[in-house]
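**Student:** Residues per chain, in single letters:
There are 4 protein chains.
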Amino acid sequence: MKSNFKIETLGECTVSSPISSVCFVEDSQNVRYDAVVTDGKNCSEGELLELAGPRKKIFFNPEKTKAAIVTCGGLCPGLNDVIRGLVMVLWYMYGVKEILGIRYGYQGLTFSSEDKPVKLSPEVVEDINTQGGTILGSSRGDQSPVEIADFLVKNGINILFTIGGDGTQRGALKIAEEIKKRGEKIAVIGIPKTIDNDIAFTERTFGFETAIEMSRLPVICAHKEAKGAKNGIGLVKLMGRDSGFIAANATMATSDVNLILVPEVDFRLENVMKYLEWRMLNKSHAVIVVAEGAGQNYVKDSGTDASGNKLHGDIGLFLKDKIKDYFRGKNIPVSIKYIDPSYTIRSSEANANDSVFCFQLAENAVHAAMTGRTAMVISLWNNHFVNIPVQKSVEYRKKIDPNGLFWQSVLNNTGQPEMK
Amino acid sequence: MKSNFKIETLGECTVSSPISSVCFVEDSQNVRYDAVVTDGKNCSEGELLELAGPRKKIFFNPEKTKAAIVTCGGLCPGLNDVIRGLVMVLWYMYGVKEILGIRYGYQGLTFSSEDKPVKLSPEVVEDINTQGGTILGSSRGDQSPVEIADFLVKNGINILFTIGGDGTQRGALKIAEEIKKRGEKIAVIGIPKTIDNDIAFTERTFGFETAIEMSRLPVICAHKEAKGAKNGIGLVKLMGRDSGFIAANATMATSDVNLILVPEVDFRLENVMKYLEWRMLNKSHAVIVVAEGAGQNYVKDSGTDASGNKLHGDIGLFLKDKIKDYFRGKNIPVSIKYIDPSYTIRSSEANANDSVFCFQLAENAVHAAMTGRTAMVISLWNNHFVNIPVQKSVEYRKKIDPNGLFWQSVLNNTGQPEMK
Amino acid sequence: MKSNFKIETLGECTVSSPISSVCFVEDSQNVRYDAVVTDGKNCSEGELLELAGPRKKIFFNPEKTKAAIVTCGGLCPGLNDVIRGLVMVLWYMYGVKEILGIRYGYQGLTFSSEDKPVKLSPEVVEDINTQGGTILGSSRGDQSPVEIADFLVKNGINILFTIGGDGTQRGALKIAEEIKKRGEKIAVIGIPKTIDNDIAFTERTFGFETAIEMSRLPVICAHKEAKGAKNGIGLVKLMGRDSGFIAANATMATSDVNLILVPEVDFRLENVMKYLEWRMLNKSHAVIVVAEGAGQNYVKDSGTDASGNKLHGDIGLFLKDKIKDYFRGKNIPVSIKYIDPSYTIRSSEANANDSVFCFQLAENAVHAAMTGRTAMVISLWNNHFVNIPVQKSVEYRKKIDPNGLFWQSVLNNTGQPEMK
Amino acid sequence: MKSNFKIETLGECTVSSPISSVCFVEDSQNVRYDAVVTDGKNCSEGELLELAGPRKKIFFNPEKTKAAIVTCGGLCPGLNDVIRGLVMVLWYMYGVKEILGIRYGYQGLTFSSEDKPVKLSPEVVEDINTQGGTILGSSRGDQSPVEIADFLVKNGINILFTIGGDGTQRGALKIAEEIKKRGEKIAVIGIPKTIDNDIAFTERTFGFETAIEMSRLPVICAHKEAKGAKNGIGLVKLMGRDSGFIAANATMATSDVNLILVPEVDFRLENVMKYLEWRMLNKSHAVIVVAEGAGQNYVKDSGTDASGNKLHGDIGLFLKDKIKDYFRGKNIPVSIKYIDPSYTIRSSEANANDSVFCFQLAENAVHAAMTGRTAMVISLWNNHFVNIPVQKSVEYRKKIDPNGLFWQSVLNNTGQPEMK
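Chains A, B, C and D, in that order, are what the protein sequence lines are.
Residue 443 is where the first sequence ends in my numbering, and the numbering goes up by one at each step.
Residue 443 is where the second sequence ends in my numbering, and the numbering goes up by one at each step.
Residue 443 is where the third sequence ends in my numbering, and the numbering goes up by one at each step.
Residue 443 is where the fourth sequence ends in my numbering, and the numbering goes up by one at each step.
Keep in mind that the hints were calculated from the coordinates and are not lab data.
Identical copies carry no separate label here, and so any pair may be met within one copy or between two of them.
Lysine-lysine pairs mimicking BS3-like chemistry, simulated, CA-CA at most 27 angstroms apart:
| id | residue 1 | residue 2 |
| --- | --- | --- |
| 1 | K306 | K120 |
| 2 | K443 | K79 |
| 3 | K142 | K306 |
| 4 | K139 | K353 |
| 5 | K306 | K139 |
| 6 | K297 | K343 |
| 7 | K422 | K79 |
| 8 | K204 | K177 |
| 9 | K323 | K347 |
| 10 | K79 | K208 |
| 11 | K323 | K345 |
| 12 | K142 | K208 |
| 13 | K79 | K29 |
| 14 | K120 | K89 |
| 15 | K353 | K443 |
| 16 | K343 | K323 |
| 17 | K343 | K422 |
| 18 | K80 | K203 |
Bound-form chain A, shown alone:
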């Protein structure tokens, strides 16, 4: 049985780990890809993922190692937790004392940037985890991998931690390839960041649970507004460009939602209206949650952002207008309240469970980096931290399976009929 998930390394580990661990991981330890079996079969075909964690032998000599941390793309709860975790583990566990914080994403890894890297230490990062945002700043968009490689070499950086989404990790891959071509010994380790929880081969991303927590309030408010007026309709637009995980979980977290629309499941507008009409006549109120990427066939495309993400037409405002028109046409007075919490979700501080997760991600990222692993990301699989080749993590975006048990739970929660 051979793993298809082999991790690249910079070379043999010959340095004894300075950390006093109760438990080191052996390279022979793996995590199964597939935990479900049917009729006892397909057991032997399962792919294996490398278990993350501290190794007895490491590649880099901590005293001579310089690390850099960069945060890219949109804000996400937990960014500062990850930065802090990386600094604390590098500094106290491995004794790496040269740590640079790169300003404003990949821009800060170019020679033309006005904003030079800042020195990071335990004092600098103290208490930053109690704040949302990123103390380093971020930006969208790629920069030349050649220039970044030059920058890393010129600045004597041995390890680059890239905290960002699939665009960022694609960039990290190019950087790692450029470094490999040159034969440099620089490790590039990614920590996947997607508030939508839609990166491949990881069952959870940091900030996602916080996003569910923060999305609960707007849904509760929409419910209060809907019941506060005769024929009240509360409409909430939540994040979810390509995947409806936040919308689905916020829905189940409140049990107040009567209709959820996600990118993974098409709907016909007339069916939405018929159902709403039924609710007005029978229940006098309705709560709708729509993920931003839902129903994009109804709204015109708005190009792409600097990261190459498709910019969506505004399905929330579209629905609001359509619902208004529909009930005006039917001469049924309704009171529609539209809530778009937007940036308040993503710029919040991490909740407790995400803070724990961020620390563990950071820890395992440092373990991987110190052993000279590269071109990989840290991920969670079957509840174990694993090392995943970066190209795997950008292979596709995780989505809700419209024929799976999870979506069934969501439908059971809302009680909504078929909308296709």
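Using the hints, position chains B, C and D against chain A.
**Tutor:** Using the frame of chain A, we list chains B, C and D on its own:
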């Protein structure tokens, strides 16, 4: 010295109060209107407001009294606290056991309404204070005072509590006048509700402090977004149709805001842009808070709502677009993030201090009603609860004084220059 | 490969499921027990757990089915979420309209109880999820399984949902065995409840994540107190009778803790004192988190509670006194602040993620019950909901592995030395 | 009419204020002490308090001024807000750039302290308001006013801001007197700090509203615990050494409390027990809130702390034991849950309204200091900020009037009978 704030009553109080109070208020107790004196003068000219509270003698016989509660206009934190307080005090202190909850505002006081009044009791209102919204529902708009008076008489209602804004209290005044004309003994007692804290002759309205609390998060988020990107601009639109109190307090509560715009103070767009440009070049970020009623000369009027409130053009979106255009014209790349928390502020549950305040308002409203006072509202003045004639409370809307110490504090907090 | 985790059933499923599911589970679908493999081995020896979820055929005719819900033991965040989920899924998905809420735990299933079962319906359970506690009340202690079986039969109850810890589930097992002996067709389905997350064969229990969230504040406060005074020591006692999971996660969630003590890892008091002395002299402050079950060799046993749980001596107060004495002896002035959040953790409402989890547990419990499964609990394993025989779930209590990666992460976070 | 509240000054104000204010205060502006009048009388006898705020002329030349800030006594929400406000207003409004932070209270103003003053600037205090505690550290206890005066002179400090309770302000008075004796031109300005809101001549102190907010949760939890078990009794001990304001407001903020005990109102234990017994038999549950200073005749005195505050016997644990004994004696099984939130209340961050208040206190303290006022504190009276001689503020401790309207509201809320 004669009070100009005389409260109307239905007749002489001849019933002994059933409540066992450690402290009854005498009718001769008053609260000064004006607490500030200059050169020791204008002391004797001060107007006096009637101190609210329990009286030894009351007008209504509790066992034969039927009360009704109606909530009107937009949601506001604390509505359920006030409803619960009224029920608890009527029921347990005075022994009034017939209490009706009117559905969906003044509509529910008409014969044509499908939604009949519901019976309220301590069991029904238990725990409702932990929820935002109003369990009774609300609506905007007037109904015929003649029909409402008919409805009250036909249903044997002796006391009507009207929880609502100045529109609602104007309606209450008309109802009280119609009742007076008929010589009916029905008390109409208002509890002023304005999340903007802009009702005249009260220094605080319920829900306002909660609104400040709830407005703090979006401002903090805007700050994190602004600092999370190079030349980031966080723009937050907060409530405040005619008065900027929420915006001003949310600004001081965070100390993160660099520019605040309120309805009371005009601004010139070019000055806003110049200041923002200065901040981009010198500070690389800016946070702006704009009250919804600010800069209405720049946005086109959008008519009025069912309550007769002017509907404002959207100054938030207007500013967002203008800022984008300006910096595009200047070829300065900026990253602007717009946050409109909208209904999430007003449909939240009351914070602790507002809950206390709501209970005290409810209590004093019941005290006033049971003595046969009418056509009045409960208000807070110089930290004392007072009875105010309803016509006084709708005389004007309270505003920030642009030449006063409060606005000066706000300006000191933001450090913004003159924008006129 | 045969499963050792076979679930008992009441008989063949012959009724077509009334639910319109996008996805039914086949009985042949299982979840592996072990997700980690070493050297590619021990794959085929893995035990298999039955995948939970809706089946096409069910055992009970919904129209003739009467269900009962009982909550036992201490409060836990999410109890009301589970109750509500059970009622909603029974009522709306399966059409079961006879649902009883048993008052005050197993006591309410006895004939001598004054508190008769209450009827549950969607109206009754609306919004109960926004409140901590349990609307049914709870109690500790066993009751005669014979009497309970009599009670169930006499009241025509077909399904009993037992929400409680290992004591409760042991009781449920006895009830199921008594029912089996009589040949009655009554399903007993458990939903494991342990705020400490220490029930066997489930990787998560409801309320646990909320407990971490709620435990974060006291730790942060202890940190502020510790730094707010010269030689400040903040000492927090957190829940964890036999397992330190809450303490460990609250520690990592704050990264403010310098010393954590858990039941799974022994410590020597003199080593604790030496380390604290070192911190006072070098860092001027320290934060200590101690799980209630830690260091029980130092405090005298206090008997057992009504559920048979060992009552622990108070290690928090013990440590507080010992630290005071130690530094008084050393003539080093310290300022020690002791925080015991106690019941505030367990009586809180569930956070968003726990609410989602509670709904899914409830849903799967109903699915299992309707197919006539019995003597089992719903559990989460490798991220899938599974059915586990109740005797398995009470086999042992889950503990932190002192030689595992999780405990290593905790130690990395605190930086504490060996305490043995 | 002459004020009895005359403020001392260091000399004539001859420097033009550098601040560009929309509004300066004249020295002739005052706030009445008494806002309530009876029969129109006692108007002319009212004492006048000096209105706080910016003056056109100031005493100190900002460029040559050095300020110091010290925080003393126990933690209180908002300490960091006040520190930050002082620094921001000194720096940006007046141009004072030499600001020292004194470490660990008055200890840091002695020559023997190891912890030297730290330089404060806008960068240092950025975001500190989002954290509870005090970045400066604090301590209890007096230091020699002679040594402190020496320290101030030697370090060239012109203004000392003392943030602390009545003990601290008594110390500040002695320092100011020592300075006056020497003829030095050093202003001593106090910002009163008491989480209990019991300082004389101010109607509100910072942190108090936050304390109410933070005390609400334990009371709600006690309620859930009380209702979660048959004959459940939830007992919460809240802060309030001499005054029951926190307990009273937390009670009204929840409306869940059945019995409140405060220091201002004596009670007989047997009456408490009789009432509890009645509740067990009739309502099956009870919630009790007890302020720490209540019923001190029942618990033995425990000496005084370093600040000279009387240390109270633990009335909470006393009541818990007595209740247990009582019901054991009556053979009524009860389930009593005791909650002591202790330090979690006082080390929390300020809520929004307190943050606003802290900024305004800081601002007015700087205004007062720059005009050479001394031996005074900033206070709020009839909603206006006023300057109060420090000896007035320590004259007595504010208490709940057991014969006043406020206490009556509290009793109305709990419905408790007479306990004397």
